[in-house]
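Here the protein sequences come in this chain order: B and D.
The end of the first sequence is residue 166 by the numbering used here, with every number in the run present.
The end of the second sequence is residue 163 by the numbering used here, with every number in the run present.
Please keep in mind that the hints were generated in silico from the structure rather than gathered at the bench.
Please note that a few of the clues may not be correct.
Calculated lysine to aspartate or glutamate pairs in the DMTMM-like style (CA-CA distance at most 25 Å, straight line) [said to hold, decoys possible]:
hint, chain 1, residue 1, chain 2, residue 2
1, D, K65, B, E18
2, D, K2, D, D29
3, B, K12, D, E131
4, B, K89, B, E70
5, B, K16, D, D56
6, B, K27, D, D56
7, B, K11, B, D109
8, D, K121, B, E33
9, B, K12, B, D150
10, D, K141, D, E116
11, D, K148, B, D37
12, B, K12, D, D80
13, D, K30, B, E40
14, B, K47, B, D37
15, B, K102, B, E70
16, D, K125, B, D37
17, B, K47, D, D29
18, B, K56, D, D93
19, D, K65, B, D37
20, D, K141, D, D56
21, B, K89, D, D150
22, D, K72, B, E18
23, D, K148, B, E82
24, B, K27, D, D69
25, B, K27, D, D80
26, D, K72, B, D109
27, B, K27, D, D29
28, D, K148, B, E18
29, B, K43, D, D93
30, B, K11, D, D69
Listed below are the residues making up each chain.
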Amino acid sequence: MIFSEEMFNAKKYGYKFEILRGYTFDKANIFNEYISDLYEIKKASNKDDPMYLISKLLMNSLYGRFGMNEILNINNIINDEELYNYIDKYTINNIISLDNNKSLISYFDNNIKSNIMLSNETHSNISIGIASAITAYSRIHMTQFKNNSDYNLYYSDTDSIYIDKS
Amino acid sequence: MKNETIKYCNQDCISLYQVIYNFNNLIFDKYSINIRNYPTLPSLAFGLYRCNYLKDYPIPLLPGKIFNDISKSFTGGSTDMYIPFGENIRCYDVNSLYPYVMNNMNMPVGNITLFEGNILKINPKAFGFFECIISTPKNLKHLILQTKLDTGNGIRTLSPLGT
Numbered sequence: 001m002i003f004s005e006e007m008f009n010a011k012k013y014g015y016k017f018e019i020l021r022g023y024t025f026d027k028a029n030i031f032n033e034y035i036s037d038l039y040e041i042k043k044a045s046n047k048d049d050p051m052y053l054i055s056k057l058l059m060n061s062l063y064g065r066f067g068m069n070e071i072l073n074i075n076n077i078i079n080d081e082e083l084y085n086y087i088d089k090y091t092i093n094n095i096i097s098l099d100n101n102k103s104l105i106s107y108f109d110n111n112i113k114s115n116i117m118l119s120n121e122t123h124s125n126i127s128i129g130i131a132s133a134i135t136a137y138s139r140i141h142m143t144q145f146k147n148n149s150d151y152n153l154y155y156s157d158t159d160s161i162y163i164d165k166s
Numbered sequence: 001m002k003n004e005t006i007k008y009c010n011q012d013c014i015s016l017y018q019v020i021y022n023f024n025n026l027i028f029d030k031y032s033i034n035i036r037n038y039p040t041l042p043s044l045a046f047g048l049y050r051c052n053y054l055k056d057y058p059i060p061l062l063p064g065k066i067f068n069d070i071s072k073s074f075t076g077g078s079t080d081m082y083i084p085f086g087e088n089i090r091c092y093d094v095n096s097l098y099p100y101v102m103n104n105m106n107m108p109v110g111n112i113t114l115f116e117g118n119i120l121k122i123n124p125k126a127f128g129f130f131e132c133i134i135s136t137p138k139n140l141k142h143l144i145l146q147t148k149l150d151t152g153n154g155i156r157t158l159s160p161l162g163t
C-alpha cells in the first residue's frame, strides 16, 4: 500500500508502479485553521516560554491520534500462578514482576480483534488515512534534499539533513 | 531529614497542582474544554480540534479491514546514514515539518471508493491509497521509498531495491 502522492513523487526518480487495487478518497485541507492558530502562538513566544512548548506539542500530537490502533492493551495485576492461563489465552506484551507473587501484565485479546474485524464498526474515532498521508507528505518534502549532486549527504532523518556544504 | 522530605513532597504537590490549574484555565479560556476529560496530550489535541476546528467536510471512520489495509502504508520519517564519517558537516532541519504539511496539503477525507485494476487509466489524478507492485530504479543514490518488514525479531522499516 502506498499513498498516491508519494507514488507520483517517486515516479520522478525512476520508480515504476503497477497498480493492483486500492481506495480512492476526496481531498480537502482540513487542518489549516488549527495549525495557523497554534503556529501564531509558537511564533510569538520565546523558546523558554511554556506557551512555545504547549503550542508545539499540540500541533505535533494531533495527527497520530487519527492513526491510533483501536485494539487497546489491557493492563492487569495478577497472581503469579494465574500467569500461564493468561499466556495461553492472550497475546502478552509485557510482564513486570512486583516481587510479592504478583505481576503487572499488559496484553491484548485476539477475540476482540477478530470481532472488530468482522463487524467493520468502530467506536474510537480513527481515520488512519490522514495519519498515513501526513507522514507520507513529510517524506515527499524531504526527498527534495536527497539525490542532489551539489553536495554530499551524510545522514538524514525525519526532518533534517547533514551535508558538507553551507 | 524526615521533615525535609515531607516539605519537599508538599512543595512538589502544590507546584504540580498550580501547573495543572493554570493549564486548565488556559485551555478553557481559549478553547472552552476541560482538560480533565482528556488523559493524554494527543486526546486533548484531538478534543480541541473536534470542538473548535471541525469543518463541514466529513472525516471518514476507517475501522477493521480498511484500517489494516491502509496501515500497511503508515510508516514514519525515513532515517538513513549514507557516509559514516566526515568533517565540517553542516546540519539543517526543517522548521515544524509535520505542522507545515498539515497546514498546506490536502488530506484524504470524504467518500471512499474501493477499486480493482489500474485506476490511473480512468482517473490519472486519482487520490488515495494503492496496492502496487513497485520496481525501483537501478542507480539511485538515496532511495526514497520504504516499507515495513517483519524480520521475526520485531518489525523493521527499510528501503529496498528490486521489484
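Status of each hint after checking the structure:
For a cut-off of 25 Å, the pair hint linking K65(D) to E18(B) stands: about 22 Å separates their Cα positions. For the hint pairing K2(D) with D29(D), the CA-to-CA distance comes to about 41 Å; that exceeds 25 Å, so the pair is violated. A C-alpha spacing of about 19 Å is found between K12(B) and E131(D), which places the hinted pair at or below 25 Å, so the restraint holds. Using a Cα cut-off of 25 Å, the hinted pair K89(B) and E70(B) holds, with the two alpha carbons roughly 20 Å apart.
A C-alpha spacing of about 37 Å is found between K16(B) and D56(D), which places the hinted pair above 25 Å, so the restraint is violated. With a C-alpha separation of about 13 Å, the suggested pair K27(B) and D56(D) falls inside the 25 Å cut-off, and the hint holds. Proximity of K11(B) to D109(B) is assessed by CA-CA distance (about 41 Å); at most 25 Å being required, the pair is judged violated. The suggested pairing of K121(D) with E33(B) is violated, with an alpha-carbon distance near 35 Å, which exceeds 25 Å.
Only pairs whose Cα atoms come within 25 Å are accepted, and K12(B) paired with D150(B) is accepted, the gap being roughly 19 Å. At roughly 33 Å between alpha-carbon atoms, K141(D) and E116(D) are farther apart than 25 Å, so this suggested pair is violated. Taken as a hint, the K148(D) and D37(B) pair is broken in the structure, with Cα atoms around 35 Å apart against an allowance of 25 Å. For the given pair, K12(B) sits about 21 Å from D80(D) by alpha-carbon distance, which is consistent with the 25 Å threshold.
Restraint check for K30(D) and E40(B): the C-alpha separation of about 14 Å stays at or below 25 Å, so the hint holds. Distance hint between K47(B) and D37(B) is fulfilled; the C-alpha atoms sit about 17 Å from each other, no more than 25 Å. For the hint linking K102(B) to E70(B), the alpha-carbon distance of about 28 Å lies beyond 25 Å, and the restraint is violated. Among the hinted pairs, K125(D) with D37(B) is inconsistent with the structure: their alpha-carbon atoms are about 31 Å apart, more than 25 Å.
Using a Cα cut-off of 25 Å, the hinted pair K47(B) and D29(D) holds, with the two alpha carbons roughly 23 Å apart. Our distance criterion of 25 Å between C-alpha atoms is met by K56(B) and D93(D), whose separation comes to about 16 Å. Straight-line distance between C-alpha atoms of K65(D) and D37(B) comes to about 35 Å, which puts the hinted pair past the 25 Å bound. Taking the CA atoms of K141(D) and D56(D), the gap is about 44 Å. The hint is violated against a cut of 25 Å.
Of the supplied pair hints, the one linking K89(B) and D150(D) holds, its CA atoms being roughly 23 Å apart against a limit of 25 Å. Only pairs whose Cα atoms come within 25 Å are accepted, and K72(D) paired with E18(B) is accepted, the gap being roughly 17 Å. Distance hint between K148(D) and E82(B) is unfulfilled; the C-alpha atoms sit about 35 Å from each other, more than 25 Å. Restraint check: the Cα-Cα separation between K27(B) and D69(D) comes to about 19 Å, which is no more than 25 Å; the hinted pair holds.
Our distance criterion of 25 Å between C-alpha atoms is broken by K27(B) and D80(D), whose separation comes to about 31 Å. Restraint check for K72(D) and D109(B): satisfied, since their Cα atoms lie roughly 21 Å apart, inside the 25 Å limit. Straight-line distance between C-alpha atoms of K27(B) and D29(D) comes to about 33 Å, which puts the hinted pair past the 25 Å bound. A distance of roughly 19 Å separates the Cα atoms of K148(D) and E18(B); the hinted pair therefore holds under the 25 Å criterion.
With a C-alpha separation of about 17 Å, the suggested pair K43(B) and D93(D) falls inside the 25 Å cut-off, and the hint holds. For a cut-off of 25 Å, the pair hint linking K11(B) to D69(D) stands: about 22 Å separates their Cα positions.
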